[in-house]
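Participant: Each chain, letter by letter, is given below.
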Amino acid sequence: MNRRDALKKSALALGAAAGAPTLLGLLQSCAQQDRLTWTPRFLGEDHARFLSSFVDFLLPKTETPGGLDVKADIFIDLMYAKTYDEAGQKQVVDQIEKFNADCKEKYGKVFAELSAQDKAACFKEHEANSPKFPKKVWGGDVGPREPVGFYRGLKSTVLWAYFSSEEIGKNVLSYDPIPGEYRGCMPLSEVGNTWSL
Amino acid sequence: MANFNIDADKNLTYDAIVIGSGISGGWAAKELCEAGLKTLVLERGRIVEHVVDYPTMTLDPWEHELRGGLTPEQKAKHPKGGRSGFIGAFNEHFHANDLENPYTEVKPFMWVRAHQMGGRSLLWGKQTYRWSDLDFEANAKDGHGVDWPIRYKDIEPWYTHVEKFAGISGEALGLPQLPDSHFLPPMELNCVEKHVKERIEKDFKGRNMIIGRVAHLTEPLNGRGKCQFRNRCDRGCPYGAYFSSNAVTLPAANATGNLTIRPFSIVQSVVYDEQKGKASGVRIIDAETSEEIVYKAKIIFVNASTLSTTQILLNSTSSRFPNGLGNDSGELGHNLMDHTYRVGAMGTVEGFEDQYYKGRRPNGIYIPRYVNLKDGPQSDKFVRGFGFQGGGGRSGWGAGSNQEAFGGDFKDGLMKPGPWEFFITGFSECLPYHENQVYLNKDVLDKWGQPTLSIDAEWKANELALNDQARQDAKEMLERAGLKDVMEFDNKHEMGYGIHEMGTARMGRDPKTSVLNGNNQVHGCENVFVTDGACMTSSSCVNPSLTYMALTARAANHAVSELKKLNL
Numbered sequence: 000m001n002r003r004d005a006l007k008k009s010a011l012a013l014g015a016a017a018g019a020p021t022l023l024g025l026l027q028s029c030a031q032q033d034r035l036t037w038t039p040r041f042l043g044e045d046h047a048r049f050l051s052s053f054v055d056f057l058l059p060k061t062e063t064p065g066g067l068d069v070k071a072d073i074f075i076d077l078m079y080a081k082t083y084d085e086a087g088q089k090q091v092v093d094q095i096e097k098f099n100a101d102c103k104e105k106y107g108k109v110f111a112e113l114s115a116q117d118k119a120a121c122f123k124e125h126e127a128n129s130p131k132f133p134k135k136v137w138g139g140d141v142g143p144r145e146p147v148g149f150y151r152g153l154k155s156t157v158l159w160a161y162f163s164s165e166e167i168g169k170n171v172l173s174y175d176p177i178p179g180e181y182r183g184c185m186p187l188s189e190v191g192n193t194w195s196l
Numbered sequence: 000m001a002n003f004n005i006d007a008d009k010n011l012t013y014d015a016i017v018i019g020s021g022i023s024g025g026w027a028a029k030e031l032c033e034a035g036l037k038t039l040v041l042e043r044g045r046i047v048e049h050v051v052d053y054p055t056m057t058l059d060p061w062e063h064e065l066r067g068g069l070t071p072e073q074k075a076k077h078p079k080g081g082r083s084g085f086i087g088a089f090n091e092h093f094h095a096n097d098l099e100n101p102y103t104e105v106k107p108f109m110w111v112r113a114h115q116m117g118g119r120s121l122l123w124g125k126q127t128y129r130w131s132d133l134d135f136e137a138n139a140k141d142g143h144g145v146d147w148p149i150r151y152k153d154i155e156p157w158y159t160h161v162e163k164f165a166g167i168s169g170e171a172l173g174l175p176q177l178p179d180s181h182f183l184p185p186m187e188l189n190c191v192e193k194h195v196k197e198r199i200e201k202d203f204k205g206r207n208m209i210i211g212r213v214a215h216l217t218e219p220l221n222g223r224g225k226c227q228f229r230n231r232c233d234r235g236c237p238y239g240a241y242f243s244s245n246a247v248t249l250p251a252a253n254a255t256g257n258l259t260i261r262p263f264s265i266v267q268s269v270v271y272d273e274q275k276g277k278a279s280g281v282r283i284i285d286a287e288t289s290e291e292i293v294y295k296a297k298i299i300f301v302n303a304s305t306l307s308t309t310q311i312l313l314n315s316t317s318s319r320f321p322n323g324l325g326n327d328s329g330e331l332g333h334n335l336m337d338h339t340y341r342v343g344a345m346g347t348v349e350g351f352e353d354q355y356y357k358g359r360r361p362n363g364i365y366i367p368r369y370v371n372l373k374d375g376p377q378s379d380k381f382v383r384g385f386g387f388q389g390g391g392g393r394s395g396w397g398a399g400s401n402q403e404a405f406g407g408d409f410k411d412g413l414m415k416p417g418p419w420e421f422f423i424t425g426f427s428e429c430l431p432y433h434e435n436q437v438y439l440n441k442d443v444l445d446k447w448g449q450p451t452l453s454i455d456a457e458w459k460a461n462e463l464a465l466n467d468q469a470r471q472d473a474k475e476m477l478e479r480a481g482l483k484d485v486m487e488f489d490n491k492h493e494m495g496y497g498i499h500e501m502g503t504a505r506m507g508r509d510p511k512t513s514v515l516n517g518n519n520q521v522h523g524c525e526n527v528f529v530t531d532g533a534c535m536t537s538s539s540c541v542n543p544s545l546t547y548m549a550l551t552a553r554a555a556n557h558a559v560s561e562l563k564k565l566n567l
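Sequence lines, in order, name chains B and D.
Per numbering that gives the first Met the number 0, the very first residue in the first sequence carries number 0; after that it's consecutive.
Per numbering that gives the first Met the number 0, the very first residue in the second sequence carries number 0; after that it's consecutive.
With the rest of the complex left out, here is chain B:
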């Protein structure tokens, strides 16, 4: 049993107390080792398995929902299907294959099948080697932008898919669709988490 499985087991014990929906979620995430529990619109099954494992490893379930709990993987596949043109779609597929090929070469298996330790080593290497996004002003870059590469680009997409989900936006972050006023200074403790909108 690796560390990741141990975490899952302890979470399972907590989840059992918390109720059936959590338990069901965990069972589904265990089952995904073998086959996908969702039907991709764009990605092939192997590529979808990569995406789900990337999302799960970047944003695992803790006391707050994980990336898979809010279906970040399913949403990203939808984005690939509906907002990417053909060239962009082909690039995604090529980049996933290359990412997996690199994993195989270094760690012997594709990303989804790696141990938690190897996944962490893989992510750390990409973190160290991926250029960063430029700062933004009014939604636009300031300064020059060099390509951030597949890893950081996907990381950014996963964060967006996660934090723009209804579960996180409404129930985890501080949600106030119609503030009605602007208060320029107030204690953070009165708000708690970041505003979602």
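Treat each hint with caution, since some may be false.
[Stated by the list, open to error] The following residues of chain D were derived to be distant from chain B, with all beta-carbon distances above 12 Å:
(1) Glu72
(2) Phe182
(3) Gly363
(4) Glu457
(5) Ser560
[Said to hold, decoys possible] One side only, chain D facing chain B, incomplete, derived with CB under 8 Å:
(6) Phe85
(7) Cys190
(8) Gln354
(9) Lys415
(10) Lys474
Hints listed in this document are in silico derivations from the structure and should not be mistaken for laboratory results.
All values derive from a computational prediction rather than experimental measurement.
For every residue, glycine included, the Cβ atom is placed at its ideal position computed from N, Cα and C.
Given the coordinates of chain B, assemble chain D onto it according to the supplied hints.
Facilitator: Relative to chain B, chain D alone:
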């Protein structure tokens, strides 16, 4: 709101025609209708009724299938305007289709267009500042361009007139270079902005940092609600809290019973009557049926937005005006200006980690011009000046993309706001250069077979020197204010990014060197008025829309008075 009368085709003759329904066209319609003139507004695009036609105004990200993402088909319609970075699924329907409306970039120029009722008044930044005699006297003093035919005293009552109806929020300061408007209560600065303001004003004599002056209601006005701080303005405001033609001027015009608005009307030209020596009407092409129709009127206001207005005038040829209506001077199409964009500095602010704010304020801070004032430091590197916009706030989960971390703690850490960041970005004045120009291109036609524009304009040495100074000053101010990790930037955007196109049919004192007189009448064809950005003789460094509003109201009232005297 009552429905608009769109039944123009039963009546081909009006007292007045207004071409365009954006910020200036809306004001022309209101003033003319309220003076009792039967007024036809010709709109290139569709009707957008306030609230009714704001389909995305309340959507949260997750309520849209792609959470604001655009499909490849949508993106393909905006190869030009999309460069602004402002087009997403929640406002795409308010941006013009670049494929149906091509233009040619002889030099790079980003042109943002909005072809529907209300035009760019639905999308604008709402920063509203009076110009001063520093601006109206600038050309005369340093010899660039021609002298404005008006001074601040000529426009001052009209600023008052439009401000009281539009609703401008801000703080009165008594600065000569940035005269106070009639203000609704100002919006609040946040903790960090207050801190930076104190430091800058203490360390730099003669510099002020103020909350932006904006066309947002901070108190209800004339049945419109106040700002709810949702910052979803570019989708249309359900409260009517910000100024748009749709929420403010066109409903007022409609209430008189004198307004007819005709959508899907591609204006081909203004028709000149050689016998009478004045314009007799406007020729349009119906965008849906391609039918040609001529509407007649005693006076015509051309408010199609700076470059589109000039395109119409250039296309309005006659024996009297073979090179375009009002082009005796040869200046029609010339002296195109904009404001420079995205040059400044940003940094982080320490010490306010336990502080936050509430509300999404559709506004930031403003640092009024402080160089080359009447009394104060003069530069030997450039003429004119620049101001800054900017603001502060705490970074959110987006900062996670660059953090070298992943996993559960990483994720949970992103639930809390990140460091305070603060930035300022300069807007520099652009001089009027004859060679910065647009002209008709008969080789590239739009969807309706009409000639399009070629745009041939660029920043020159003075603008680049202003930008250099703005960048250096920005960095110096933020560093001396105690910010950390201060980074200066200059994106070197081409013209157009400021979305403040001005000039190409300038006002002036002499018909030999200008297109319009001091009341915005076309020289030689005085029943045609141009009161959008095309009329501007210089560009100031100050946002121009409030000045368009005031010039429009002034010209419309002059037109009514001249009509009564039977002078037009």
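Participant: Are there hints from earlier that the structure breaks, and if so, what are their numbers?
Facilitator: 1, 3 and 10
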